[in-house]
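S.K.: Order-wise, the sequence lines are chains A and B.
Just so we're aligned: 85 in this note's numbering is position 85 of the first sequence, and the numbers increase by one with no gaps anywhere.
Just so we're aligned: 17 in this note's numbering is position 17 of the second sequence, and the numbers increase by one with no gaps anywhere.
Hints in this document: simulated from the structure, not taken from any laboratory.
Note that the structure is a prediction, hence the values are computed from the model and not measured.
Every residue gets a Cβ at the ideal spot worked out from N, C-alpha and C, and that includes glycine.
Heads up, some of the hints might be wrong.
To be verified - When the alpha-carbon atoms are kept at most 20 Å apart in a straight line, the in silico EDC-like pairs for lysine to aspartate or glutamate are as follows: (1) A:K72 with A:E7; (2) A:K72 with B:D111; (3) A:K72 with B:E23.
To be verified - Residues from chain B that keep clear of chain A, each with C-beta distances beyond 12 Å, as calculated: (4) A46; (5) L68; (6) V81.
What the hints assert, rightly or not - Quick look at which bits of chain A chain B covers, simulated, 3 or more residues with Cβ under 8 Å: (7) 3 to 15; (8) 28 to 38; (9) 47 to 54; (10) 58 to 64.
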Amino acid sequence: MTNYAGEAQALLPLPSATFHILLAVSAEPRHGYAIIQDIAARTAGSLRLSAGTLYRSIARMVEQGLLTETSKRPALGDDERRRYYRITPFGTAVARAEMGRLTSLLRLARASGLTPESA
Amino acid sequence: MLGFYRFLLRLYPASFRGEYGAELEHTFEQSVRDRGPLAAAAAAVADVVPNALLVQLRILRQDVRYGLRAMGRSPGFAVTVVLVTALGVGANTATFSVADFVLLRPLPFSDPNAVVRLCEGPKEGGGWGCMNELSPAA
Chain A
1 MTNYAGEAQA LLPLPSATFH ILLAVSAEPR HGYAIIQDIA ARTAGSLRLS
51 AGTLYRSIAR MVEQGLLTET SKRPALGDDE RRRYYRITPF GTAVARAEMG
101 RLTSLLRLAR ASGLTPESA
Chain B
1 MLGFYRFLLR LYPASFRGEY GAELEHTFEQ SVRDRGPLAA AAAAVADVVP
51 NALLVQLRIL RQDVRYGLRA MGRSPGFAVT VVLVTALGVG ANTATFSVAD
101 FVLLRPLPFS DPNAVVRLCE GPKEGGGWGC MNELSPAA
C-alpha cells in the first residue's frame, strides 16, 4: 500500500469546500450537481456551493490527484453532459489526514473548556 | 437564458470552458428549474464573475511558474531573450517618442499656423539666405 502521509500533510489545512467535496464522493462517484445537492443536504443547507466554486475546486483537485473522472455511469439514459468524479486513494489519504487534524483541534478546544453553546 | 449564460462563461479561460463548460451549462439549467430564470441568472452573474477571475489568476500563476522554471533551466538563453526584448522595447519607445514630439504634437506656442519664415539676403550671387532665428544664415 502506498504511503501518502507526507504528501497529504503538505495539502493541509484543506479549504472547507475541498473537504466537503471529498466527503461527497467518498462513498460513490457523483456528478457536479449531485455533489452540490449532497453537500447542501449534509450541512442542512448551511453550505451550498455555487457551480463556479465547485468546478474551480474540482479542476484544482483533479490536478492535485485528489479526484479523478470515472467513465462508469450509474444509470442508463443519464444526461451525457454529466461527468462523474470519484475519490482517489491519495484523496482518501488527504481526507483522513484532514479529519485527524480537525479531531486534534477539537480535542484541544474541549480540553480548554470550549464547547458550542447549543451543546 | 442559456445564451446569456454561455456569454458569461466566456469570462473563463478557453481551456477551462472546454473542460467544464458543458457541465456548468447543465448545472445552470438545473438552477433555472429550481429557482426560476431571473434568480438563476442573478446567481450566475454573482458566481461566474469572481470564479472566472480566480481561474484566470490561477492559470496566470501556473504560466509564470512554468516560465520561471524554464528560465532557470537555461539561464543563458533567458538572459539573451530578456536583453533582446529590452532592446526592442527601448528602440520602439525612443522611435515613437521622437515621432510624437516631431510629427504629432503641435508647436509649443499659440496659433502655430501663423508662423512665417523670414529670409533676406543678396538676390544675386549666392541666392537667398535666411536671417531669422529658426534657420540662421550660414
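S.K.: Now look at each hint and say whether the structure bears it out.
M.R.: Status of the hints after comparison with the structure:
1. A:K72 with A:E7: 28 Å, violated
2. A:K72 with B:D111: Distance of about 79 Å is beyond 20 Å: violated.
3. A:K72 with B:E23: 17 Å, holds
4. A46: 8 Å, violated
5. L68: About 18 Å separates B:L68 from the closest Cβ of chain A, which puts it past 12 Å; holds.
6. V81: For B:V81, whose nearest Cβ neighbour in chain A is about 28 Å away, the distance exceeds 12 Å, so it holds.
7. 3 to 15: As far as the segment 3 to 15 of chain A goes, the hint is violated, because 0 residues have Cβ atoms under 8 Å from chain B.
8. 28 to 38: It holds, with 4 qualifying residues against the three required.
9. 47 to 54: holds (count 5)
10. 58 to 64: holds (count 3)
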